[in-house]
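Asker: Sequence:
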Amino acid sequence: MPESQASCTKDSEVDKNIREARNHYNPFWFYDQVRNKGPWDYKQQGAQYQDLGNFNYGATGAAFGFPDTILYRMAGWAQRQAGTSKPAWGHPLGSSPYGDDPDDQEQIRHGIEYARCRCPS
2 MPESQASCTK
12 DSEVDKNIRE
22 ARNHYNPFWF
32 YDQVRNKGPW
42 DYKQQGAQYQ
52 DLGNFNYGAT
62 GAAFGFPDTI
72 LYRMAGWAQR
82 QAGTSKPAWG
92 HPLGSSPYGD
102 DPDDQEQIRH
112 GIEYARCRCP
122 S
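Residue numbering for the sequence shown follows the numbering used here, beginning at 2 and increasing consecutively.
Among these hints, one or two may not hold up.
When the alpha-carbon atoms are kept at most 16 Å apart in a straight line, the in silico EDC-like pairs for lysine to aspartate or glutamate are as follows [as the list claims (entries may be wrong)]: (1) Lys44 <-> Asp104; (2) Lys87 <-> Asp104; (3) Lys87 <-> Asp102.
Calculated directly from the structure, the hints in this document are not laboratory data.
Could you put the whole structure together from the sequences, leaning on the hints where they help?
Answerer: The following block contains the structure:
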């Protein structure tokens, strides 16, 4: 299990972010949190936090109420906007991994699953 998942305890940063996401209803607010250089863009603190950022994105996006496919596709859109997508990764309107790095998509999936276990609907 990657460290970003193993370190998610009751009062972890991810859990705090999940609680915050559940209390907001504006998708533009969510975008501002997870966007490049936003407060939840943990990779800005170092490459070692990239997995945590993707995990947090999945967890908080699920807690906010976004469908899984929207989270995956928007991650692909962001990857393409950043100019770091590869043709083999497809397109946000296509099939998985929707233009996103497959490793990032895996962390997003783990975050979504985590949120469902921590905050069942």
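Asker: Confirm or reject each hint.
Answerer: Right, here's what the structure says about each hint:
no.: 1; hint: Lys44 <-> Asp104; verdict: holds, 14 Å
no.: 2; hint: Lys87 <-> Asp104; verdict: holds, 13 Å
no.: 3; hint: Lys87 <-> Asp102; verdict: holds, 8 Å
The structure meets every hint from the earlier list without exception.
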